[in-house]
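As you go down the protein sequences, you meet chains H and U in turn.
The first sequence begins at 1 in our numbering and counts up one residue at a time.
The second sequence begins at 373 in our numbering and counts up one residue at a time.
Rather than coming from a laboratory, the hints here were simulated on the basis of the structure.
Predicted model only: the values in this text are computed from it and were never measured.
Built from N, CA and C at the ideal position, the CB exists for glycine as well.
One or more hints might be untrue.
Unchecked claim - Computed Cβ-Cβ distance ranges for the label pairs, DEER-style: (1) S538(U) to G196(H): 47 to 55 Å; (2) R503(U) to I360(H): 36 to 44 Å; (3) K321(H) to R386(U): 31 to 39 Å; (4) T217(H) to S521(U): 21 to 29 Å; (5) R503(U) to T171(H): 54 to 62 Å; (6) T383(U) to L132(H): 33 to 41 Å; (7) P393(U) to E15(H): 53 to 61 Å; (8) A647(U) to E15(H): 54 to 62 Å; (9) P174(H) to E452(U): 57 to 65 Å; (10) I169(H) to D431(U): 26 to 34 Å.
Stated by the list, open to error - Calculated cross-link-like contacts (lysine-lysine; reagent style DSS-like; alpha-carbon spacing at most 25 Å): (11) K545(U) to K524(U); (12) K121(H) to K508(U); (13) K513(U) to K74(H); (14) K513(U) to K86(H).
There are 2 protein chains.
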Amino acid sequence: MRRPAYQNRVTKLREKLAGIPSDTLWIMRPENRRYLSGFKALDTQIDESSGSLLITEKDALLVTDSRYTTEAEKQAPDFEVMTHKKGLQESLPAILARLGTKDLGFEEDFVTWSLFRELKKNLKKSSSPIRLTPIKGLVDKMREIKEESEIKAIEASADLMTEILSEVIPTLKPGRTEKEIAWQIEGLAHEGGADGLAFASIVASGPNGALPHAVPTDRKIRGKEPIIMDVGVKLDGYCCDMTRTLFLGTPGPKFRKIYRIVFEAQQRGLERVLAGVKSTDPDTSARDVIKNAGFGEYFGHSLGHGVGLATHEGPRLSPEKPVKLEQGMVVTVEPGIYIPGKGGVRLEELVVIEKQGPRILTKDRHYYDFTD
Amino acid sequence: MRRPAYQNRVTKLREKLAGIPSDTLWIMRPENRRYLSGFKALDTQIDESSGSLLITEKDALLVTDSRYTTEAEKQAPDFEVMTHKKGLQESLPAILARLGTKDLGFEEDFVTWSLFRELKKNLKKSSSPIRLTPIKGLVDKMREIKEESEIKAIEASADLMTEILSEVIPTLKPGRTEKEIAWQIEGLAHEGGADGLAFASIVASGPNGALPHAVPTDRKIRGKEPIIMDVGVKLDGYCCDMTRTLFLGTPGPKFRKIYRIVFEAQQRGLERVLAGVKSTDPDTSARDVIKNAGFGEYFGHSLGHGVGLATHEGPRLSPEKPVKLEQGMVVTVEPGIYIPGKGGVRLEELVVIEKQGPRILTKDRHYYDFTD
């Protein structure tokens, strides 16, 4: 991203300060941090942060520890980088006093219960009257609507994944293991310049395909059975996510039928991924196809989710909690049917909602026409 | 691990129920979940759990969603697997009512503020009088003292890493990039049957070595400069962690001196990694060597940390918050000196505390004798 993009985002975020009690926003979630500042570091684990942002009407701080100071200064030149010595909770009261904070907004979906309590205790110890107010999805909501440059970045990520698949698919043959294929994908992602995988590849053959989140095993793939490949890379920070179900030979009538139903469900779902429509609509349309075909109980998950700096983000395309879909959102549409002990079929596209309708970002066309 | 190991751990955890207000423990942290049940799934992200345990005096439930039911049943046969349909928070009140819970202990370092609030709200809605009580490090503390089979697992992990290093080091030569070397390590980890890396490899050459958490770049390694390799694999769930600083030619007097100081600091630190000693002691011993040599300001991080199912766990060997070191703990000892713009030296061993003293688990011996 160019620097002005970051500056614009901070400006937009500041405009939101007027509508909430907080005068200072404390941003810890790595994707939100990166979105606003350009600071790329990830966190080692939930209780080991590589830094956080403090944003007020006029100040923009990036508070980190000595391990990250140099990177932070280089990657986030619009932010004043402060290095704390004794842990963030210990240092925050003094920093907030300097900022003149009266009400600190914290990310309620990311801050742990103990971090909240520690901070509260430390503020009390320093006799600080600062209030702590939860903020929910302020930056996350901004991230749901992608900028032009972000859509390009996601498309580039999907293009790389398409290239990788077109290299891998011709090499699939009976006897290769799921793990081998997953590793081949990882190697090609590396060669293609990806930051890494967006998530651990799913290569699930035969009965393993009945587990929607299967981990690749030493099972050898065979002819005629469905092989689910749910894969994505991360390129310049942006993720992609796509699923194809492949067969090494023409499957029997049952999986031909299931494949047709899932494909039909995907098409009906895609048609409803429109600006102004409720996020539950595409799920209902797709789910109805599967239900009406008698496979309702074999489709247990939601239809899709947003994709961007994170593989899973808003909006969710699920049967519940409707929100309005908007132009610039990037979502997956991924219905599936999973028959325990037998196998599954899932077909996933990644689309951006444009004025005219959904535009598919995954150019791969490895679909079958199983019309009987 | 054999099944009885899991059963013993649950029994030990149950013994702790007597000393706390909670009658039901809610275990969400993936490593704790695996430690108690054998359920191996990871979480996609902090707000996307693959399941949690509910343990009472007589019940042991694993609550998950349909994506993970089959794996959960296979991997955690001692637990009753329950599949929720509408999200954990929504389902918990009914499950807790069935268990007869009066006080639910939740992991305060893992449960987010919003998850806590949601659960509280849902309990209220169902007119449930169940209290929520934070638990801190109950299972994490158990994990700090490794069982014999766990030490073997960590040692096997360290052995694989040693093998990988002994394959990589002879191939280091000027002109290869940090990224290439990091990828070579990842490939060998895969070939060696690792679950994956324990953490993203650090290969930091020349000035990049001054960043303790450097990310591999396209920089080509050169003769005479220090190259920090901080690497670890995960094997059967268990991590290892080791650091060597390598040179392609004999370095100049400055880095020879720094290397000697760091090595000396490591030795002094290792001597104090003893059962019964305070966790701050090894840090002080190592840090004093570096301070006395005039490099105190260039050693900003703690001396070490526990390693097991997680790469970073308790106990911490830091200058603060002393705890007593005990037999069976597995910790790193990793002093370093980092000169901004020039480079760094870090030397890290992984040791288990035995009755007789520390036993080094990393058999690699790529050290230099830079005695002048």
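What are the numbers of the hints that this structure violates, sorted from low to high? Violated: hints 1, 2, 7, 9, 10, 11 and 13.
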